[in-house]
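J.: If you want the building blocks of each chain, they are given just below.
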Amino acid sequence: MANTPIRDRPVAAGLPATADSLLLQHEVEQLLYLEARLLDDWNLDAWLRLYTPDASYVVPTTDLPEGDPRCDLVFIDDDRDRMEARVRRLQGRHAHREYPWSRTRHFVSNIVVTAVDGDEVEATAAVAVWRFRAGESAGYVGRYDVRLRRVEGRLRLCGKRAILDHETLSDHGALSIIF
Amino acid sequence: MDVDKLVYDHPELGKFKVHRSAVGAPEIYELERRRIFDRCWLYLGHESEVPEPGDYARRVVAERPLFFVRNRDRQLRVFHNACPHRGALVCRSDRGNAQVFKCFYHSWTFDLSGALVGVPDIDGYGTGFHREEMGLRSPRFDSYRGFVFVCFDHGTEPLRDYLAGATEYLDLVADQDAGGMRVIPGSNRYSIKANWKLLAENSIDGYHLPALHRSFVEYLAGIAKAAGRSVTTDGNRRGVGRSLGNGHGVMENDAVYGRPIALWHPSYGEEARAEIRTTRDRLIARHGLDKALRICEKSRNLLIFPNLIIADIMALTIRVFQPTGPAGMEVTAWELAPAGEVGIRLRRRLDSFLTFLGPGGFATPDDVEVLESCQQGCRSGGVEWMDLSRGLHREPRGTDELQMRSFWRRWQSLLAGTPHVEQYERGLPPDAVPKAIPPPAPTAPAD
Ligand code: FES
Ligand SMILES: [Fe+2]
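Those protein sequence lines, which keep their order, are chains A and B. Using the numbering used here, read the first sequence as starting at 1 and increasing by one per residue. Using the numbering used here, read the second sequence as starting at 180 and increasing by one per residue.
Here chain A stands alone, though its shape is the one from the complex (with noise of 0.2 Å):
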């Protein structure tokens, strides 16, 4: 196959560095910092109060990182519904690869905003997630994009989909936390 850039849209640049776009960008970066934190503290009803009623959390194959949920398998296609059976699901005794759970640190960086319309706001950020259980530890490497979207004066998450820059998961067997 042929090596094609994985999105024909143009790498955004960001925004104009006015007072405005840096007071977003900081909000941006607090709210994804927070996330990373509430994941790793398994406070996991805090980070699904990050997200809108209407939020997606998709998570692509290794091998299609292009995937579309509608006509692709993907490994993860979550509605907000969805989400929470998951927490609901880690926070009990039959997850069996979460029980106890797992020790992670998300690592995200390189929060460029790409886009802003009306109150929803793009933005990407490179993500990694270092995860410790039953003596071993592997490394999950990716990409956010995210939308955003001021609730009542706060951002809130409405979108997230993370891309996995492995070629497969033969170093972790399945994706058992939110990545």
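No lab work stands behind these hints: they were computed from the structure. A virtual CB, placed ideally from N, CA and C, is assigned to each residue, including glycine. Be careful, since some hints might not be right.
[Said to hold, decoys possible] So, partial list: chain A residues that the calculated Cβ filter (under 10 Å) puts toward chain B: (1) Thr62; (2) Asp77; (3) Arg97; (4) Ser176.
[Claimed, not checked] Straight-line alpha carbon distances no greater than 20 Å define the calculated DMTMM-like cross-link-like pairs of lysine to aspartate or glutamate that follow: (5) B:Lys372 to A:Asp171; (6) B:Lys184 to B:Glu209; (7) B:Lys404 to B:Glu449; (8) B:Lys194 to B:Glu206; (9) B:Lys372 to A:Glu167; (10) B:Lys196 to B:Asp183; (11) B:Lys404 to A:Asp40; (12) B:Lys372 to A:Glu136; (13) B:Lys404 to A:Asp79; (14) B:Lys184 to B:Glu449; (15) B:Lys404 to A:Asp81; (16) B:Lys470 to B:Glu509; (17) B:Lys184 to B:Glu206; (18) B:Lys281 to B:Glu311; (19) B:Lys470 to B:Glu311; (20) B:Lys196 to B:Asp181; (21) B:Lys470 to B:Glu563; (22) B:Lys194 to B:Asp433.
Got chain A; can you put chain B with the ligands on it based on the hints?
T.: For chain B with the ligands alone, coordinates are given in the frame of chain A:
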């Protein structure tokens, strides 16, 4: 431990055990490579992965790099992925479309049928060089209803004979759409740090669903309850287990979840009902009531010896696992769908897959965890045998272990080079029961 004594097979005593060295000892793994993976028909891929001339896909089967191609005459070709010049990989990406394959070392070029069509500076070769002898090499390959297999032994029986009773179940998959079936883009590729045979067993084990996958069962029950409906969860108890010959086996159960082909579940929403009824009517008109209802309402986990699973459950999954050592395997899984299925029906199928299956599903991670756990438990000692005697005393149900025993019997006979005996337990078709071969004399297992 003698290699012919790894399976303790005595239905008349109510016992069936497998010695744990079978799933961990390096010398057993080396024997398996030669006596099982070098001799059996092994799943390569699905014809729908390469629909057009020039389409190709690359695979590793039993540690051998291979690729398959649709040539200009629309025939399928399978090649060893090794240049006949000095052995470099000729196909170097997982899938795509090519006019020719050009080796990147010295630029020898092969057409879609494998013929060597280009050699730079060919004057450098003398009379002993025959271009027609230097094409890409093919292993034996054949396909059954779109499922493509390879075999590295010319003495093995033809594919059709090898598949034995499994063809009936492959037909139940291939007959789900008059327009054929296709593999959906996107695959699951992950590893399990466990012996490959533990996944073969696990994939046709109906006993563990309510226990290991309790969180999945509760998830579905929660959706049904929210929709004001109760759902049955004990379908497995009304199923059957079958041996299909040559080590293949199946469990066929009443589905306790929705089936995207045509069994409604509250999680699909009311709006799906009418259209599912239409699909059912179409299948009934085409196949008659019995077969159509089997396609719609029964779930089937089919094992084709040694390492292919077709799980026709809340999704239709092809799963193949390649051993990477005595305690490791690489798993690849795909979703299969009627070729003409698009829009909301396809979306529902994909969604149904994700409720249970895959690295991010609500059940597959539990299977990965438990198989790795079994592998670790093996090292503890004390427990020398694995017990697979469930259901020996009765007509085999889907939650029993006949289908696993038939896998192990075949495995034992291939490994030890002893005759394969379809066992004399209940539930086998009468013509599969040997007349003259008595059961081997029992030797007491160690525990
Ligand atoms: S190794 Fe392929 S052309 Fe030389
Ligand atoms: Fe399972």
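J.: With reference to the structure, classify each hint as holding or not holding.
T.: Results of checking the hints against the structure:
For Thr62 (chain A), the interface hint holds, the least distance from its beta-carbon to any beta-carbon of chain B being 6 Å, beneath 10 Å. The interface hint given for Asp77 (chain A) holds, since its Cβ lies 6 Å from the closest Cβ of chain B, which is under the 10 Å cut-off. A hinted interface residue such as Arg97 (chain A) counts as satisfied when its beta carbon comes closer than 10 Å to some beta carbon of chain B; here the least separation is about 4 Å, so the hint holds. Hint status for Ser176 (chain A) relative to chain B: holds, with the closest Cβ pair at about 4 Å, below 10 Å.
A distance of roughly 10 Å separates the Cα atoms of Lys372 (chain B) and Asp171 (chain A); the hinted pair therefore holds under the 20 Å criterion. Distance check on the hinted pair: Lys184 (chain B) and Glu209 (chain B) sit about 17 Å apart at the alpha-carbon level, within 20 Å; holds. Taking the CA atoms of Lys404 (chain B) and Glu449 (chain B), the gap is about 14 Å. The hint holds against a cut of 20 Å. With a C-alpha separation of about 26 Å, the suggested pair Lys194 (chain B) and Glu206 (chain B) falls outside the 20 Å cut-off, and the hint is violated.
With a C-alpha separation of about 18 Å, the suggested pairing of Lys372 (chain B) with Glu167 (chain A) holds against the 20 Å cut-off. With a C-alpha separation of about 13 Å, the suggested pairing of Lys196 (chain B) with Asp183 (chain B) holds against the 20 Å cut-off. For the proposed pair Lys404 (chain B) and Asp40 (chain A), the alpha carbon gap of about 32 Å is over 20 Å, so the pair is violated. Distance hint between Lys372 (chain B) and Glu136 (chain A) is fulfilled; the C-alpha atoms sit about 11 Å from each other, no more than 20 Å.
Between the alpha carbons of Lys404 (chain B) and Asp79 (chain A) the distance comes to roughly 19 Å, so the proposed pair stays at or under 20 Å and holds. For the given pair, Lys184 (chain B) sits about 55 Å from Glu449 (chain B) by alpha-carbon distance, which is inconsistent with the 20 Å threshold. In summary, the hint linking Lys404 (chain B) to Asp81 (chain A) is supported, as the alpha carbons are separated by about 14 Å, within the 20 Å threshold. Straight-line distance between C-alpha atoms of Lys470 (chain B) and Glu509 (chain B) comes to about 35 Å, which puts the hinted pair past the 20 Å bound.
Taking the CA atoms of Lys184 (chain B) and Glu206 (chain B), the gap is about 15 Å. The hint holds against a cut of 20 Å. Restraint check for Lys281 (chain B) and Glu311 (chain B): satisfied, since their Cα atoms lie roughly 16 Å apart, inside the 20 Å limit. Taking the CA atoms of Lys470 (chain B) and Glu311 (chain B), the gap is about 49 Å. The hint is violated against a cut of 20 Å. Taking the CA atoms of Lys196 (chain B) and Asp181 (chain B), the gap is about 15 Å. The hint holds against a cut of 20 Å.
The hinted pair formed by Lys470 (chain B) and Glu563 (chain B) fails the criterion: a straight-line CA distance of about 43 Å is larger than 20 Å. Taken as a hint, the Lys194 (chain B) and Asp433 (chain B) pair is broken in the structure, with Cα atoms around 28 Å apart against an allowance of 20 Å.
Hints 8, 11, 14, 16, 19, 21, 22, counting from the list given before, are not met by this structure.
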